[in-house]
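Asker: Order-wise, the sequence lines are chains U and G.
In terms of our numbering, the first sequence opens at residue 1 and continues consecutively.
In terms of our numbering, the second sequence opens at residue 1001 and continues consecutively.
Hints are computed from structural coordinates only; laboratory data are not their basis.
Where a beta carbon is used, it is the ideal one built from N, C-alpha and C, also for glycine.
Check the hints yourself; a few may be wrong.
As the list claims (entries may be wrong) - The list that follows gives simulated cross-link-like pairs (lysine-lysine, PhoX-like), each with its CA atoms no further than 25 Å apart: (1) G/1087 to U/80; (2) U/261 to U/196; (3) G/1401 to G/1139; (4) U/80 to G/1194.
Unchecked claim - Only part of the chain G face toward chain U is listed, based on derived beta-carbon distances under 10 Å: (5) 1074; (6) 1199; (7) 1200; (8) 1379; (9) 1383; (10) 1387; (11) 1537.
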Amino acid sequence: MRLPSLSLFLLLYFLLSSCDASSQHTNNWAVLVCSSRYWFNYRHMANALGMYRTVKRLGIPDSNIILMLADDAACNSRNKFAGSVYANPGRHLDLYGENIEVDYRGYEVTVENFLRLVGRLSSSVPRSKRLLTDSSSNIFIYLTGHGGNEFLKFQDNEEVSAHDIADAFHQMYEGGRYNEIFFMVDTCQANSMYSKFYSPGILATGSSVVGENSYSHENDYDIGVAVIDSYTHYVLEYMEKVNKTSRLTMADLFTSYDVPKIGSHPGVRSDLFERPLGPGNPNHPMSEYGRGRGWTVEGGGEWMGREIEAGKNGRVLRETLITDFFGGVVDVDVNNEDDAELRLFEDPECISTPKAPLSPSTNTYSSPPSSRSSSSLLDTLDTYPLLRPSLAFILLGALFVLVFSGMTSGRS
Amino acid sequence: MDGQGLRLQAFLRRFFRPAGDPNLARINRRRTMFSFIARRMTVLKLSLFIAGYVWIFSVPSSQLDRGVYFDENALQPGQVNTYWNWKEVHDADHFLGELEILRDSNATSEQRSQFIMSEFLRIGLPASTQNYEFTGLPKGLNGTNVYAILRSPRVSGAEATIISASWISRVNEGDGTLNLRGVATVLALSRFVKQYSLWARDIIFIIGDGYMEGMQAWLSAYHGVTQSNLRAQRLELTSGVVWTALNIDYPGHSLSHLGIFHEGLNGRLPNQDLLNSFQHISRRTGVPVVLYDHKDELDLGWLPDNIRNHPEIKTYAAQARNLWRHVRYQASGRGSGVHGLFHQYRIDAFTIFAVPAAGPHGFHSLGRIIESTLRTTNNLLERLHASFFFYLLTSYDRFVKIGNYLPSVILISVAMMFGGLQVWVDAAWMERRHDKHEEGSTGMVWIRRRRPVLEAVSIVLGTHILGAACFFVLSHKWYQSLPFTSPLLWVAAYILPLAVPRFFPQNITDNVAPLSLVLKAFNLCLSSTVISIISVLNFSLAACLAVALGIPLSVASSSSNGAMGMVRYTMYIVLGFGWLLLDETRKQMIWDWDILGVWLLPFLCVVYYPLSLQAALVCII
């Protein structure tokens, strides 16, 4: 009695929900990299740990966070507060607290490991060290360390170039391993790091333009070193306003950049990104990004993709929420589930036919054998627009009859 | 490209690649160049000399130096809160009181060291003593060092930092003023730093007995170096590789400035980052820093007011004073204090000298500064290696880079080398009246003559062997115990070389060049080489050599007048060996060589004296 009613209800729910192409990610991942070692780079570890705390607070579980720390500042013998990492001079919040899972530590943080993590997967690596994403994963990638024009230094002896990262991302794209990527980087000349990307679905932001340093924010005079970088500090400060159901958009985050406070000119790149950064409101400060008070560098702030942004609003795509990348998926649209959810539990290398990640997926939430037939039925539904509401009406009536008859039979 | 450019290009091509055989053209070009230089050799030499001397004397000017800066990222100087406070000052005062009681009771160094060791042990640090004795000296030299090691709480002790104080202060190069407050500071500091667990390396506290000798004995034992005249006890406690050392010298009652003494043994200098960090920290803490103990302005009362008050002149005078002090410390090779001993083992060290004054600072400021400096050195991840090892500090916050001071001496050295080569070439040729009056020539021809190389080389070698013999006599242990040894040695060094002309009788012929010319050529080339080499090892010594030998050796020439020749001979011997008659200087040098292994005495005997002796011989051959 209950079972048919439930299945009917599910079918109905699916039919009534609108076909929203934008919110098609079903899982969130974060890759947080601190690439520099040594005690005086304490702040880079604090940067990465600050991001770690934020993404975890917003709902990404440890299993979906890859944290790479090139050094262990918490256990450095120079650390007056052993086992703790603080990102503010008052030492109010211990970022190294109780529940930290560092996936790559110390000398494991290499360019090779980073590129293997992002671009490829090897079954010989433990699952905790793998980025087990699929075509409906939204990935937040955060890099911090010492960098220069189109490179980021790892440890003290090697560099990853902007080309390497761009190629790795394209490899992911080809393999159907992401839906969207949000790439954030805090180093000197950080904006050069995303300049070489060419794969669709990547939104990027960096702390400083080419030829500009990224600065540390504050010192703690008991720890004896700078504890956090300026850009990351203000991003994290903004993030404190965001909760799991927040409707704040990326445009809001980007317009919060305050150049006099940060000390460098952050940049945005959205030309590869399909969705609009914010609500299509021409009065939103995002339209004036990089031109406001305090932007002193020639030409203002750097926003690659400013021109095409207006065109994005004309389409039916949803604006980009901060929680699309920084949080777990809280309101899953069941209709958009494809078998990716199931694939999560398989070895991703065994996926035989990866799909293009951006194609709209239309599968029911049912077992794989039946999905084929139902998808053909759905195709017919899509072809005849009136069929769907009429079918829904009939089903609704049937459900009503069922429930009503159940109630009457229960009474009698 | 415009027409002019093309023409220039064509000209250059014609000049460098003329028509005809390119090899022939090259040879011709080279010959033209050489003859161009050779014809103007005297002018060239003179201008090099003048440029060199002017450069040497303009090194103290503010045009050649620049401000200091940090080069090592890891140091992070002055970025910590310091917790040294009145309680620690009280500790230091307490230790000072105890030490004063010991001083007043005429305690032996054994008793002193036992007391200090017991204090270290009471603080909770493993401590030990080390007896040492220098043998073979007229006066016995022995004592007892005390040291304690704070093991790094959280890492293996593969590296160490030293905080030291010697029992005798560096006032007047160790005239016997006691460094009681320095020792008290080290004791209080050891108690203070033990509270913290953030030390990334072991900290060794040493109280060296005597002025320099105690630390020399301790360092030799620590690094396993044997010294034939030193009997030092093995160290019971050891640690890892020492990277940095701070030596604390606090002779007065209070202090007004902190002075930096940094010259090491045999001209070595510590990495500049260490000094820069210290002066930065000290000034942030509020204590002014000076170089050496130059806190008063130089008295220039003899100059007219308008010159004296000119800022450039004032700067020049102050910096020249600093540099002169530096040259004395560096050229003498004995360094400017106990810290200099560390440099032999590649430990960057300097002395924090509390310039005695009535106030306003004392243990409180000093402790804070040392604490902060210790935190900075604690931040080091590897040995100090960035920044500069070759520099001249003209002030505590200004320095001259090697590129701005080295050329001065090199120019003089090049001038001497050119002079030597010129003499060498001249010796091979002689202008003679043409025998046959054919072809209507001018009557003068250049003929080639043989150069007596072997004789000149044997004289050069002989002088150096004589110098080595002098050094052997000087460093022998009975030299100082017998009377009148120095005048006797001087007379010997004066008379013996006079026999040289008898061994090499001069038969003046047209076929053989005079020996004096060849000897002079060798002498100039050798001196030039020596100066160039020394200039990177010990710039001050090279500068002194350049000034002392540059012009004098170049003007040496044989004289036909025997008496005139003897006068010149005597002058060169006085220049080269006169230091032997200065009693204090000689004794100091012998002591430095015996105890500390300072190279100045052997250098003067084996290199410097023979060079001037060769010039002296040029005059009498």
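Asker: Look at each hint and say if it fits the structure.
Answerer: Verification of the hints:
no.: 1; hint: G/1087 to U/80; result: holds, 21 Å
no.: 2; hint: U/261 to U/196; result: violated, 28 Å
no.: 3; hint: G/1401 to G/1139; result: violated, 43 Å
no.: 4; hint: U/80 to G/1194; result: holds, 13 Å
no.: 5; hint: 1074; result: holds, 5 Å
no.: 6; hint: 1199; result: holds, 7 Å
no.: 7; hint: 1200; result: holds, 4 Å
no.: 8; hint: 1379; result: holds, 6 Å
no.: 9; hint: 1383; result: violated, 15 Å
no.: 10; hint: 1387; result: violated, 16 Å
no.: 11; hint: 1537; result: violated, 32 Å
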